[in-house]
Amino acid sequence: MFDVSKIRQDFPILTREVHDKPLIYLDNGATSQKPNQVIDAISDYYRNHNANVHRGVHQLGDESTQLFHKSRRTIAHFFGAESDELVVVRNTTEAINQIAYSWGDQHLQADQVILTTELEHHSNMVPWQQLAHRKAARVMHVPVLENGLLDQDVFQHILNDEQVALFVCSHVSNTLGTRNPVEQMSEQLKQKHPNAKILIDGAQAAPHLAIHFDHSPFDFYAVSAHKMLGPMGVGALLVKRAVLEQLSPFLFGGGMINEVTLDDATWADDIEDRFTAGTPDVAGLVGWAAACEYLKAIGMKEVEEYDNTLVRAAVKKLSKVPEVQVVGIIDSAHLAQRVGAVSFLYKEIHAHDVGQILDSEGVAVRTGHHCTMPLHHKFGWPATVRVSFQIYNTVEELDVLVEALEKVKKVFRR
Amino acid sequence: MIDDLYQEVILEAYANPKNTGKLDSFDVHFAERNASCGDQIEVFLKFDDANKVKAVSWIGVGCAISMACASVLSEEMKGKNREEIAALNKVTLEEMLGIHGISIGREKCLLLALTAFQKAITK
Chain W
1 MFDVSKIRQD FPILTREVHD KPLIYLDNGA TSQKPNQVID AISDYYRNHN
51 ANVHRGVHQL GDESTQLFHK SRRTIAHFFG AESDELVVVR NTTEAINQIA
101 YSWGDQHLQA DQVILTTELE HHSNMVPWQQ LAHRKAARVM HVPVLENGLL
151 DQDVFQHILN DEQVALFVCS HVSNTLGTRN PVEQMSEQLK QKHPNAKILI
201 DGAQAAPHLA IHFDHSPFDF YAVSAHKMLG PMGVGALLVK RAVLEQLSPF
251 LFGGGMINEV TLDDATWADD IEDRFTAGTP DVAGLVGWAA ACEYLKAIGM
301 KEVEEYDNTL VRAAVKKLSK VPEVQVVGII DSAHLAQRVG AVSFLYKEIH
351 AHDVGQILDS EGVAVRTGHH CTMPLHHKFG WPATVRVSFQ IYNTVEELDV
401 LVEALEKVKK VFRR
Chain F
1 MIDDLYQEVI LEAYANPKNT GKLDSFDVHF AERNASCGDQ IEVFLKFDDA
51 NKVKAVSWIG VGCAISMACA SVLSEEMKGK NREEIAALNK VTLEEMLGIH
101 GISIGREKCL LLALTAFQKA ITK
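If you read the protein sequences in the order shown, they are chains W and F.
For what it's worth, the numbering used here labels the leading residue of the first sequence as 1, then goes sequentially.
For what it's worth, the numbering used here labels the leading residue of the second sequence as 1, then goes sequentially.
In short, the hints are calculated from the structure, not lab data.
Treat the hints loosely; a few may be bogus.
Calculated cross-link-like contacts (lysine to aspartate or glutamate; reagent style EDC-like; alpha-carbon spacing at most 16 angstroms) [unchecked claim]:
#1 F:119 x F:84
#2 F:108 x F:84
#3 W:410 x F:12
#4 W:409 x F:84
#5 W:320 x W:403
#6 F:123 x F:83
#7 W:410 x F:8
#8 W:192 x W:162
#9 W:378 x W:151
The following block holds chain F by itself, in its conformation from the complex (with noise of 0.2 angstroms):
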């Protein structure tokens, strides 16, 4: 079960972890916490003329769950619309980290990027 959560995605997104920092220019942002461990994330989101999104980024602070998966959501976020945005969840982060059914512990980290990302389009 450990090995299935810490797997090389997750590892290396959080080793190495891509659009991170405030971007220069930015449309949305969103900061938010997890109240019950403490980390925290904003994201800012830049969209072009056909409402798809053109810049990416995030800052945060937290665990290898909730900084991978910012990570790795943050690529995915490139050239989706706010349809497309609202519509992820739980079970489509899960494909993207590659992780089966997380615990309950877990789940507010695995979910962490997505609220803030989901809340910035929504406000």
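If we strip away everything but chain W, and leave its shape as in the complex, we get (with noise of 0.2 angstroms):
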């Protein structure tokens, strides 16, 4: 049973003010706060566990190395792939780029099309324009449309006209909270080039769905713990086995070789040691096990209808403002696909400067373009606000945030 008053006294932080007023935490979508359970798991590896991993012939050192294997295990299984398949990165933005360099500069040719679409995260737009100018390779885009949703027609032109070598889509929209049909798009993707590979951005998808990445039509999979109650620093880029062999290492360095000579080196044959250069962060692995057990406990299924619930409260309880104009997917008949966060313009007044005043009554918010320049643009937003949500806000606490949106209007018309 979701119990989301006692999922409550799990995070710390959520018993403090801010302003003197009772925090309400609405920037999950940057973010989120973690439980006790994460906290305490980092702090009981440096009280009890610290050594470096793969070294030290001693008893903390094998500690360590085993919490490192056992969480990298707990982290795999929970987004459903093998331990084998994980990438240890330090964030999203890491694994994104980590896929142009170990795969992009080693098998996409001149003239061949990387496809994304317009809502991207700017991490997943700037790696791609890179690569395409290092590779002489075109960058195509997937429109949004105004209703939130991308534009499944231009999706079939582009695969039927053009030589597609890359899909590249975020699972869940940062600043829209479309939940792109990913699946539906890479299948289709498949059928008309099958040699085509296919990452998915899951850093706004992974806090909020189950993820089955071994049931997926994905080549690799790219996520932060930060967002999904772990720690900040750490990440994974997972990759099917199949294609992992077509990765070359683009951070070099200790741990990842095999045999090193003067004037040469070859790589580690283990894949999990190929792809890990340098000392990796092992708490940072530990606490984000710790997040993935929580979630766990509580259950995906749950966790996203409950996110869901959010999300209509959200829309339904903002769309009563007049100021206020909710932008992305509104109808009720879609909101199954709207995730994790509702973003809106007020009327004459910009965003940071709501963002603001809602900060003075205790309510965070992201305000600004999210890293979506492009989508901005094209929909001439010059800012919007986001609330996003996790497993511990309330609809109890929309209510405030909509009573704290008064507070804009007495502020710029008394």
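Hey, can you piece these two chains together into the complex? The hints should help.
The structure is reproduced here in structure tokens:
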């Protein structure tokens, strides 16, 4: 049974006040808060087990290495993948860059198409622009419609007319919360272009949806720990086994080698080692595994359902505020496809000012272009306010948000 | 704190900005943007024979802080020479607007117009 009041007790930061008001944290798309279980796991690692992995022939070295492997397994299984399909990285951005260098630089040919969309985060846009420049390849974009959905007709036309070598798409849009039909699009792509590779940016999906990587048509899936109750500074690139052999390392150094001479080197056979240059963030991985266990205990189906409850409540409540225009999916028939975030414009008041006044009422939101400048330009939004959710948010908090919006009117129209 | 930030000087300047538009004739101009939030401004300056600002204007899109600051600052520009413009800083802007200690998150909003004016005279 999903019990939000019980869940809230696990998050110590939720008891603090901001500007003498109870904190209402609605900036989870930027980063989530952490439960005691995660904080304690990290603390326990540093207090009792800290040592470098795969090196020292001593007790602590063994314990640390075992915790590292165990955490990798827990995280990989959480996403429906095997441990040897998980490359440890710092964050989703690094995972995406890893594919640009490890796969793109090796396999992409001149004039081939990298297909992406207009609603991507800059981190899933700029690496492909740069790769295209390096390889004289082309980047094409599936347009986003004003209702928040991707234009599937244009997607089909591109599949029919172009040599698509790589499809990169966010599972859930960080600005609009649109859950893109990436499974369906990937199947269609593979039918037309069997050799094309597919990378899904799962940064905003992983906190709210169950991911079944090994049963998906995706070749690569990128995630960050910190948006799903885990610590900052650690993330994963999931890679299908069959594709792993096609990747070349792009970070070189200790830990990832087989043999080194003064002039050359060979790479570790073990995939886990080959892509882990330098000392990994063991404590981060231990904390992330604790976050996965925490979410698993609640159940990702329950997590997804509760998120949709918050999304629907937010759209409904915000739509009743006359000055507010919610952007993206708003019709209830399609709201099941909205995940994690609701963004809006406030009539004649800049998002920054709205955010600042909400903060004075204890309500933390994100304001600006949320690293999606092309999306904002397309629809002529100078900036938007984004409220984004986690399992500890409540419908009552959304009432406080709406009340706080009243203060915006008071400040600017007094 | 919020009342300190959104007090009358800023709200008035935001509601009725001065010196907006593009000068018909100008000596220098510069377009600047705040990459983190998307605020944009373009400034125009014309100097007289004594090298002092004879005419000033700006065009911008942004929050109340950045736009109010652009308006108040544009008034302050009149009659100043390049050295005086270069000497302006965050503290002088806070004094002009009556703000005490802008938060880190809004510092770039405050500095947007000044950065544009200072880049315009040095480029």
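Verification of the supplied hints:
1. Our distance criterion of 16 angstroms between C-alpha atoms is met by residue 119 of chain F and residue 84 of chain F, whose separation comes to about 14 angstroms.
2. Among the hinted pairs, residue 108 of chain F with residue 84 of chain F is inconsistent with the structure: their alpha-carbon atoms are about 21 angstroms apart, more than 16 angstroms.
3. Taking the CA atoms of residue 410 of chain W and residue 12 of chain F, the gap is about 14 angstroms. The hint holds against a cut of 16 angstroms.
4. Between residue 409 of chain W and residue 84 of chain F the alpha-carbon distance is near 38 angstroms, which puts this suggested pair outside the 16 angstroms criterion.
5. Of the pairs offered as hints, the one joining residue 320 of chain W and residue 403 of chain W holds, with about 12 angstroms between alpha carbons and a cut-off of 16 angstroms not exceeded.
6. Note on residue 123 of chain F and residue 83 of chain F: the hinted pairing holds, with a Cα-Cα distance of about 14 angstroms set against a maximum of 16 angstroms.
7. Restraint check for residue 410 of chain W and residue 8 of chain F: satisfied, since their Cα atoms lie roughly 13 angstroms apart, inside the 16 angstroms limit.
8. Using a Cα cut-off of 16 angstroms, the hinted pair residue 192 of chain W and residue 162 of chain W holds, with the two alpha carbons roughly 10 angstroms apart.
9. For the given pair, residue 378 of chain W sits about 14 angstroms from residue 151 of chain W by alpha-carbon distance, which is consistent with the 16 angstroms threshold.
In the structure shown, a violation is registered for the earlier hints numbered 2, 4, in ascending order.
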